[in-house]
Amino acid sequence: MLLALARRRGRGPPGALWMERPRHQGMAKNTYMRWRLPLVCLLWEVAMVVLFGVFVRFGPEADAHWEEEKQKENVTSDIENDFYYRYPSFQDVHVMIFVGFGFLMVFLKRYGFGAVGFNFLLAAFGIQWALLMQGWFHSFENGKILIEVENLINADFCVGSVCIAFGAILGKTSPIQLLVMTLFQVTLFAVNEYILLNLLHVKDAGGSMTIHTFGAYFGLTVTCILYRPNLEQSKDKQGSMYHSDLFAMIGTLYLWMYWPSFNSAISEHGDTQHRAAINTYCSLAACVLTTVAFSSMLQKKGKLDMVHIQNATLAGGVAVGTSAEMMLTPYGALIVGFTCGIVSTVGYVYLTPFLESRLHIQDTCGIHNLHGMPGLIGGIVGAITAAAATEDVYGKEGFIKAFDFTGPYQTRTPSVQGGFQAAGIMVSLLMAFAGGALVGAILKLPIWGDASDENCFEDDIYWEVPEDEESDVYHMHNPDKPASP
Amino acid sequence: MLLALARRRGRGPPGALWMERPRHQGMAKNTYMRWRLPLVCLLWEVAMVVLFGVFVRFGPEADAHWEEEKQKENVTSDIENDFYYRYPSFQDVHVMIFVGFGFLMVFLKRYGFGAVGFNFLLAAFGIQWALLMQGWFHSFENGKILIEVENLINADFCVGSVCIAFGAILGKTSPIQLLVMTLFQVTLFAVNEYILLNLLHVKDAGGSMTIHTFGAYFGLTVTCILYRPNLEQSKDKQGSMYHSDLFAMIGTLYLWMYWPSFNSAISEHGDTQHRAAINTYCSLAACVLTTVAFSSMLQKKGKLDMVHIQNATLAGGVAVGTSAEMMLTPYGALIVGFTCGIVSTVGYVYLTPFLESRLHIQDTCGIHNLHGMPGLIGGIVGAITAAAATEDVYGKEGFIKAFDFTGPYQTRTPSVQGGFQAAGIMVSLLMAFAGGALVGAILKLPIWGDASDENCFEDDIYWEVPEDEESDVYHMHNPDKPASP
Amino acid sequence: MLLALARRRGRGPPGALWMERPRHQGMAKNTYMRWRLPLVCLLWEVAMVVLFGVFVRFGPEADAHWEEEKQKENVTSDIENDFYYRYPSFQDVHVMIFVGFGFLMVFLKRYGFGAVGFNFLLAAFGIQWALLMQGWFHSFENGKILIEVENLINADFCVGSVCIAFGAILGKTSPIQLLVMTLFQVTLFAVNEYILLNLLHVKDAGGSMTIHTFGAYFGLTVTCILYRPNLEQSKDKQGSMYHSDLFAMIGTLYLWMYWPSFNSAISEHGDTQHRAAINTYCSLAACVLTTVAFSSMLQKKGKLDMVHIQNATLAGGVAVGTSAEMMLTPYGALIVGFTCGIVSTVGYVYLTPFLESRLHIQDTCGIHNLHGMPGLIGGIVGAITAAAATEDVYGKEGFIKAFDFTGPYQTRTPSVQGGFQAAGIMVSLLMAFAGGALVGAILKLPIWGDASDENCFEDDIYWEVPEDEESDVYHMHNPDKPASP
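Residue numbers (the numbering used here), protein chains in the order written: chain A, 21 to 505; chain B, 21 to 505; chain C, 21 to 505.
Chain A extracted, bound-state conformation (with noise of 0.2 angstroms):
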């Protein structure tokens, strides 16, 4: 270890610490992090340290003093804790946004460090700050943020809709960018998620609408404003590797098993839980053979495409978000599978080519269709799900039960939460474009250290990397990039 650090410190020509080289005709750019990068980390930390010092603590079920609270709550026997009916989904919403998302960007060839570890980084950041402020809005009582098992869940939901951002700037964001982008699309999804569940009294247990709409056309505004004209100069590193697309399944397989835990995390116990996860698995089962059908279909030459399968084949877990938990009925989830398997590879073949060439977004892992589409229709589903319901379908208390019509909203009627839910689409997109326009624009500012159009989606300009035979071969095929400095 000593020797191998050894001989990584003393790469790299002596001259060229903070500059990238200039190549071709693009302009050198500033993408030294060593102090940048330190301060924004070490101070939002010790923030981060100070908030909770301030604000949280542990929620009854999570405090010893709970062993007083039983008695008085009636409650007989510790394995009564929330913990053991929550935890175990937690883990899983867990695993696909670290392993899931992380591993999903890996596709690109030499992307993968910045892939799985910005994600990760972003994802601890987020997760801390989104615990604050999910709990100012949902959890604060007495002055005082009481965090439980759901809201850890809550934070990974929230820090998944900056995931999903990510996907459409992947490759030509500094670490830095990140981190600011996670700042602030934490804060908006907050906002945007109180106005849904608790101004418009909105079901969204899988987060159609609150993560992946908003999420998506948040992350697609970025992009948008920060269109790089000249991005081709990097095409040679735009695309995947064999052994990094094997990666890439990683991700696809860990988010597809685990989305009927996603979608079921936070309902209702008992058949509500039981119901999501069930609808989940539906959709995503059918959106598989629709995804490869069409994958096949739109290639001249019928052969399947490993972005397709990785991608498209998610977009029914997506589309359900909203209705998973509602009585969609296993076939209802079939439909919306087999719909959305076509419309994200469709998405993934005329679409995206037409939003870069068109409307300058250069989205780099499709979000628009994984994400995007699939969110609206996951949400429109939702509004027509609910609008649809009736009291013999869920019966006289689950019907109350399963769209809380209780207290203020107890004269709700179906038609009415129908339009409520989908007034919440459209609040989503609008909080999507306006923090979007925000964030991109404050992104765009020189201080952040962003890579030049010819090096993006190259891990070199912020990672150590090995000197491996597989780089070597890279660069005889990069001729004019030196092959050891």
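If you're looking for bench data, these hints aren't it; they were derived computationally from the structure.
Be a bit skeptical, because a hint or two may be false.
Because identical chains share one entry, a pair is satisfied inside a single copy or across any pair of copies.
Said to hold, decoys possible - Below, a list of computed lysine-lysine pairs in the BS3-like style, where the Cα atoms sit at most 25 angstroms apart: (1) 90 with 255; (2) 92 with 164; (3) 416 with 92; (4) 92 with 321; (5) 257 with 92.
Keeping the supplied structure of chain A fixed, place chains B and C upon it in accordance with the hints.
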């Protein structure tokens, strides 16, 4: 992404859209999937939607009417919903099917996309068809199939047997053939399972008979009928490479770690599930040591072979599939694992070559060693353990609960039960041979688009493969294939 | 498969069956494993079967007699079985041991098989021996060890300390040495654990002392005694390559995500487990940001180093191993994680080279930075947190429950408990140094088949390695090694 897609699409010789280039003496085959594969996927998925619409509804614990149901059945709390006591097991099994089997088969150097991608496709279709088939046999009430989380586990189990059979024909079949095989195998699986569990009243919690024995001998019969006499033409692609072996270890480890969940997933709640997990854990641990011992011992140079470590270490889980929920005891489990590590490793070294050269059984993954023989052993161990059961060992009530000696079966003795268990092995074998012969004959029809002998084990036939460094090197070794079109 | 096997077997120079080729000035060593490794594996596994046969039985909740047991203990439902409240945690811990540690060590460019394969072997043996050793100390009743799911977790914990020690000697030992070390280390672990938990009545839920401090300093002592003065002869293999670093990130992320399960797995049910998970989650999140900050800050070019991201991000989990179940509070956990990310990263940059050059401690994975120092910090934080406990913070009953101040310990005060906690650190260190010295001396015997200095960090010594493209390129860089034998 746009550019990457555009670049990909532009590849390939213009005149060779649907025919493999004739190479060597091999006859060119039509592997063009553009219309056939989409047609099969779309038609079958439409069929699923229709059948689900007619037949499938939520089971009582997943239906919104559960609020009323609870009161009738004196359920006092939502946390008594079966979701909480099956779902974590379900997710572990789900990971085994999609990541476990998928990545285990990635070991081939140029067939990673096919291994993990086709496994994904057939399993996603298979679980839908299995929900229907198993539903008609086991969960059919008033004209509806009522599904809950236990049905999802059983569907994954059923698909597990298809994944096993896929291992035998890996690299030699088209995706359409795999879908056809899945359709038939799931059907036959459900029939066989019904005969064993309902007619013979056999115990088979982890499926030594229904999943492993049936799946393995079904797959071996199919591959025997699809015998390719000139398969040595693609021998350069039949091996692994360094990183593909590491990917395969991901599959191995997830199968190994989660196997206790697999064998206990549908056992009775309480001590039965608890015991099934412990027995499986013990058997698997012992299996690793004897696999390593024999892998080293049977190599002239005493080196370990990754093929054995990836596969034979799992035989212990297969071989306690029937008896895990019985009072096999931890040391009994160790003995079973001990034995199967040896049997499986010896099988890889001596039996697989023999089966190929003498019986024309080309078994790509060696499923005979991992699922065939250990599955048979598992059936036999189950029969013996059942026959040896006494009220002393199980307790009076535990005895009845363990073998479900109730209703029409309350007069059954352990030795009679042992006899029925043995009959279950025979029935599974017969179903496997007969079904495999039928399906093999169907798959032999020249309409499914399988590759010629010299193009087996190669993703390039059915997948858009990135032209990366590795494949450049690869092409250097295959001078008859142009490096860049 | 046949052909692949046949091809593999035909490799290798015919006259070099059991001797490494002498290269450079190094002396050839006998690394032939063919009889020694099988003998050790088989004999030890037979011993396990015998000892399990004599001693191990199912615990009451896994035994078929539970049906009667339930009635005696007024258990009304099968879902009260402890299986449902420990098993999900067990599976998370299981993944950490086999995938987490296994893949974390795959970072070496040519030692992936050894890292994940030997870890698999030693852990599979270790858990069996740990079930016995820990069983004799903690679950021994009427001459029998009664095992339930909690025993499986504890066995995994015990093996975790061996995996840690393995990290120090990674690449430099034969599989037999690893098995010998496992045998002794598990034994010593169980003794140390007994002293701490039973004699000193110390709390150590996540094992900062018993697992991390003991495991790390044990491993460091062993590697110090096995010092290889000419290890720079294999320095070309001590680094990582691009894809091996990505594989290692799989290990990192699974350790990071599941660490809350690890630290809470054997805590008391209810608020204690709940709290342990939240504290760990917070500590780990903070740790990521300070690791990134210092990784960038300590590099002249300001680039991030994968070694730090892979390892130092986990230090926060180690360092709350003792205090996680106490009322550390979320901000306390953030502070611990904040500190340990810094300490660990600084350790990788400055301390590891120092230990190697001055103290002759060649620590391949840098376990001193990931487990040694954070383990000590964890012990100290635990002692302080215990000493600072008040009835006000814990509640009257929670206070007694948290520290188990019952029976002979009911008069213990927090400050006394803090003193005992501190004593636990000392005992663990002493056991580690003494045990490591003993085991190091045994492993230094020239009979175990370890490789010579220039052949360290190379799979080729103990594994059949496929001759793939990468290794062809690799051989180009190693002209003294023939490309194809």
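Structure-inconsistent hints, enumerated in ascending order:
Of the numbered hints given earlier, those the structure breaks are 1, 4 and 5, listed in rising order.
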